[in-house]
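Chains A and B are the protein sequences, given in the same order. So for the first sequence, this note's numbering puts the first residue at 1; every next one is plus one. So for the second sequence, this note's numbering puts the first residue at 471; every next one is plus one.
Simulated from the structure, these hints should not be mistaken for lab results. Take these hints with a grain of salt, some might be off.
To be verified - Label-pair distances were calculated between CB atoms; the ranges are: (1) A:133 with B:605: 40 to 48 angstroms; (2) B:499 with A:133: 40 to 48 angstroms; (3) B:765 with A:239: 46 to 54 angstroms.
These numbers were taken from a predicted model, which means no experiment stands behind them. Glycine included, every Cβ here is placed at the ideal spot set by N, Cα and C.
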Amino acid sequence: MKTIVEIGAGLAEKKTSAVEVATAALASAKEDTFSAFLAIDEAGAMAAAKASDERRARGAALGPLDGVPVALKDNILTEGVVTTAGSKMLADFTPPYDATVTARLKAAGAVIIGKTNLDEFGMGSSTVNSAFKPTKNPFDPSRTPGGSSGGSAAAVAAGIVGGALGTDTGGSIRQPASFTGLVGLKPTYGRVSRAGVIAYASSLDQVGPMAHTVEDAALLLEAIEGFDANDSTSSDAKKTVWRDALRSGVKGLRIGLPREYFVDGMDAEVDSSVRAAAKRLEALGASVVDISLPHTKYALATYYVIAPCEASSNLGRYDGVRYGHRAADAKALKELYEKSRSEGFGPEVKRRIMLGTFALSSGYYDAYYRKAQQVRTLITRDFEQAFQSVDIVLSATSPVLPWRLDEKLDDPLAMYLMDVLTLPCSLAGLPGLSMPSGVSASGLPIGVQLLGRRFDEATLLRTAFALEKH
Amino acid sequence: MPRADFQVVIGLEVHAQLLTTSKLFSGAGTSFGGAPNAHTSIVCLGLPGVLPVLNQRAVELAIRTGHALECTVAERSEWSRKHYFYPDLPKGYQITQYEFPICVGGRVVFDGPDGEKSVRLTRIHMEEDAGKLVHESAASLVDLNRAGTPLLEIVSEPDLRTADDAVEYLKALRDILVWIGVNDGNLEEGSFRCDANVSVMRHGSTTFGTRCELKNLNSFRFIKQAIEIEATRQVEIIEAGGKVEQETRLFDPQRGETRSMRSKEDAHDYRYFPDPDLPPLLLTPERIERSRKELPELPRARRKRYVDALGLPAYDAGVLTSDRAMSDLFERCVAEAGEAKPVSNWFMGELSRLLNETKTNTADVKFSPVQFAALLKAIKDGVVSGPGAKEVFAELFATGKDPSLIIQEKGLAQVNDDGPLLEAIAQAMAEAPKNVESYRGGNTKIIGAFVGAVMKKLGGKGNPKRINELLTEKLKA
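Please construct the entire structure, taking both the sequences and the accompanying hints into account.
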């Protein structure tokens with residue numbers, strides 16, 4: 001199990017080659033013990049690895065990701081490589097273009113090994129909602145790696161690739177990172193382009209890194225972030241050399257522990273892990289204070305109005321007309337739509353499309369969507385208020401440890417409750433990071449979540465870096 | 471006449487395609503025609519992962535339209551998604567402006583048969599067009615060339631009361647849009663389309679009747695027909711004791727009827743909500759003001775100025791301002807020539823004739839205003855005769871050569887010197903002694919025959935005024 005920094009060092013010191021590293025990664029990806037992959041791009045990976053070795057031989061290596069094997073969640077488009085979003089609807093969809101993040105990783109020399117499993121269109125927290133297969137947690141294959149970026153989490157945690165990209169709409173990077181002992185960062189909304197990322201909920205979706213270490217995550221973020229003319233919501237915030245920002249410590253930083261985030265039914269080991277992390281930060285010179293984010297309790301309901309509304313709209317294009325699953329025996333247009341969509345979408349996707357369609361319907365819009373947007377503003381203000389007196393908000397990432405794959409499957413509401421600590425950050429568009437903070441008595445990873453001010457990934461990363469080293 | 475007791479009430483929704491080279495949210499081209507789906511991109515095909523990026527040129531044209539129609543241009547407007555399932559709509563939604571349009575209020579002023587009229591506008595908003603379906607016997611085919619083309623939807627208040635006024639309003643609106651360069655005004659190709667909301671009420675009533683929306687009105691003639699047919703249909707329903715149902719109706723020009731497309735109950739629930747892929751459209755007061763300053767003088771104002779300041783007849787003013795390029799060229803020629811009426815005469819006469827005959831666009835004429843003014847001066851100075859000037863102008867139009875050069879090359883210079891004139895006069899008098907006697911006997915009208923004869927000897931190039939003077943002198947002697 002090697003970090004990006006370690007792989008990079010091996011390549012730089014010529015102890016190994018990108019082709020060797022890629023060959024090993026492809027072999028274990030094909031073996032795929034934890035069902036992390038939906039597609040493997042052997043030809044593309046080998047060509048990229050060769051090109052990387054040639055660059056290095058010429059003394060023209062591109063940077064810390066050159067020759068490093070990575071994986072992409074399968075809702076991130078890859079030109080010429082099937083991209084399914086974990087859905088039968090797109091089982092045979094080969095994109096004619098790269099997502100901006102894909103192109104940027106390629107430009108940085110990264111070697112894309114394959115595409116990773118996810119809950120269909122990113123809707124879920126277990127990867128069980130994939131139309132193809134559930135992914136297993138490398139720490140305990142009978143348990144979930146979390147979701148929806150569970151495939152990326154498992155691929156990195158199992159050491160198949162150095163790092164991976166996930167997408168996070170309500171916690172889909174952070175929760176699986178927490179469940180598999182990784183660092184997962186959801187950047188500030190707008191920092192990373194969404195162009196070429198299959199939309200779930202456009203006002204919440206962000207692409208971000210999943211990696212073994214804070215430094216690795218920083219390196220991946222550096223490669224993918226920045227303004228993109230093809231995404232009107234992408235920010236022109238200045239690019240940063242994150243690695244330089246990591247080592248300045250936490251002395252003088254103020255850490256807030258929101259009392260609303262210590263929820264009922266929270267696992268006792270998770271609870272004490274958060275408090276222990278706070279103690280460690282205090283020992284490093286930060287001050288820890290209790291804070292309140294009073295509208296937290298409305299975040300779940302708000303999210304489960306806004307995200308399904310946007311999803312019901314974003315998924316309207318999958319109609320069987322131009323691409324994607326098309327019912328074989330439809331005789332009329334309406335039947336073509338009904339059958340193609342009934343056959344192409346899984347139950348959780350249908351549930352959210354129906355929820356969103358209902359909430360946007362004439363006569364219900366004000367009661368649901370508009371109200372949810374108003375509450376979203378209140379949740380955002382909670383954070384703005386809190387960040388006047390603290391620099392970082394610290395909490396658990398998930399209130400529970402990874403559950404067994406055969407648990408909770410038939411209770412969607414219980415599943416939704418698992419996202420309660422990651423949703424507010426998404427609604428407020430803030431950067432959020434999950435990192436390992438210990439292991440349970442049963443040997444399962446525990447994660448803590450750090451939240452920062454908008455576009456203040458620098459403070460987030462240096463706090464995480466300090467916590468990681470101690 | 472059942473109509474006599476009733477007042478027709480009409481409101482119009484115009485969809486005008488903006489003259490941009492690319493689509494509203496993608497770089498794909500917008501030209502009409504082309505092989506099906508040739509003008510498409512990953513964005514207008516609605517592929518997974520694509521995002522809209524606003525065409526700023528389209529925004530400029532929308533702002534300009536807002537100023538031309540005296541609207542309030544909003545500093546903040548918003549994009550919404552309008553949802554329905556149909557194969558002409560690749561994303562399953564149309565990006566449009568709903569709660570917050572780019573322009574609010576405004577009006578269109580036009581001259582109806584009974585004087586000036588003003589129709590208030592409700593709003594103007596921007597939106598993307600849908601594609602189209604081609605129905606064949608075995609299948610329906612989808613052509614997405616038009617999908618994503620930028621449109622303005624210009625919505626009037628229900629201020630119109632006759633089908634004729636509705637047509638005049640549309641013509642005036644179209645003239646303005648074409649004049650300011652935002653639309654090509656083409657009804658047949660569908661780049662200027664109109665839906666009409668029609669209701670009837672008894673004269674003196676203060677509440678409008680139930681309205682029906684009429685679609686498929688793709689010529690001014692059809693618009694007039696459809697409104698009149700629909701109004702009669704509604705009146706007949708009411709007079710028979712029935713109630714008009716609110717619905718969308720299709721005009722069938724072949725059968726001369728409107729028929730139901732969908733009732734209010736069948737109406738789509740479009741589930742509008744703000745498009746999360748697009749931030750609100752924010753316009754600075756400076757940008758709005760800059761566009762206002764750049765707005766050209768509009769045709770009505772220009773017509774008025776031609777009459778009031780240039781002293782042209784209203785008819786001339788109307789013809790000259792029927793086309794922006796013609797009017798602009800006229801302006802420049804007047805500026806060079808320093809007078810309007812002679813320029814107007816040439817424009818309304820020879821220039822229009824030549825443009826028509828050669829099917830030339832005014833924008834493509836070869837001569838410059840300086841050259842045109844030089845020709846007028848040559849006429850005034852007697853360098854070239856009236857008939858000669860027409861020949862010069864024809865050559866000027868065809869080649870763009872300087873008039874002085876044309877006069878020289880074609881030998882069209884007028885003979886003004888007394889020497890050759892007197893010589894020709896002497897010959898003419900010698901050839902017709904009886905006519906000389908006749909003149910001297912009091913038949914002064916016969917001078918015309920002498921002028922003709924003299925002119926003939928000079929190949930038509932003699933200065934007619936001087937010939938007249940000299941002849942009179944010689945004949946009297």
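Here's how the hints hold up against the structure:
1. A:133 with B:605: 40 to 48 angstroms: Holds, at about 42 angstroms.
2. B:499 with A:133: 40 to 48 angstroms: Once the Cβ atoms are compared, 43 angstroms apart, the range 40 to 48 angstroms for residue 133 of chain A and residue 499 of chain B holds.
3. B:765 with A:239: 46 to 54 angstroms: violated, 41 angstroms
Taken one by one, the earlier hints fail for this structure only at number 3.
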